[in-house]
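Student: Sequence:
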Amino acid sequence: MGLALIAVAMLIGFGALATAIGFAMLGSQLLESSARQPEMAPMLQTKMFLVAGLLDAIPMIGVGIAMYILFVIVPGLA
Numbered sequence: 001m002g003l004a005l006i007a008v009a010m011l012i013g014f015g016a017l018a019t020a021i022g023f024a025m026l027g028s029q030l031l032e033s034s035a036r037q038p039e040m041a042p043m044l045q046t047k048m049f050l051v052a053g054l055l056d057a058i059p060m061i062g063v064g065i066a067m068y069i070l071f072v073i074v075p076g077l078a
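Reminder that position 11 of the sequence shown reads as 11 in the UniProt record's numbering, one-by-one numbering, no gaps.
By construction, these hints were calculated from the structure, which means they are not laboratory data.
No residue lacks a Cβ here, since even glycine has one placed at the ideal position from N, Cα and C.
Between beta-carbon pairs, the in silico distance windows are:
1) Pro42 / Met10: 35 to 41 Å
2) Glu32 / Ile58: 21 to 27 Å
3) Gln45 / Ala7: 35 to 41 Å
4) Phe14 / Gly53: 17 to 23 Å
Using the sequences provided together with the hints, build the complete structure.
Tutor: Given below as structure tokens:
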């Protein structure tokens with residue numbers, strides 16, 4: 001039971017960490033591209049928001065799996 005709780009914490013924590021790194025890289029590339037070609041900034045920003053939405057889905061899936069482990073699998077172990 002204890003290992004399942006550690007797995008849940010790691011799943012949520014690593015998902016949040018990876019998303020934070022992804023958002024940082026995405027933002028830095030947007031700023032760099034906008035600085036190089038300012039006339040393309042609106043199109044790049046639109047694409048950035050699309051990718052940010054997809055990137056945000058990853059920790060949500062991780063939270064869903066973590067809740068499944070926490071509320072379905074762990075009570076079954078007891």
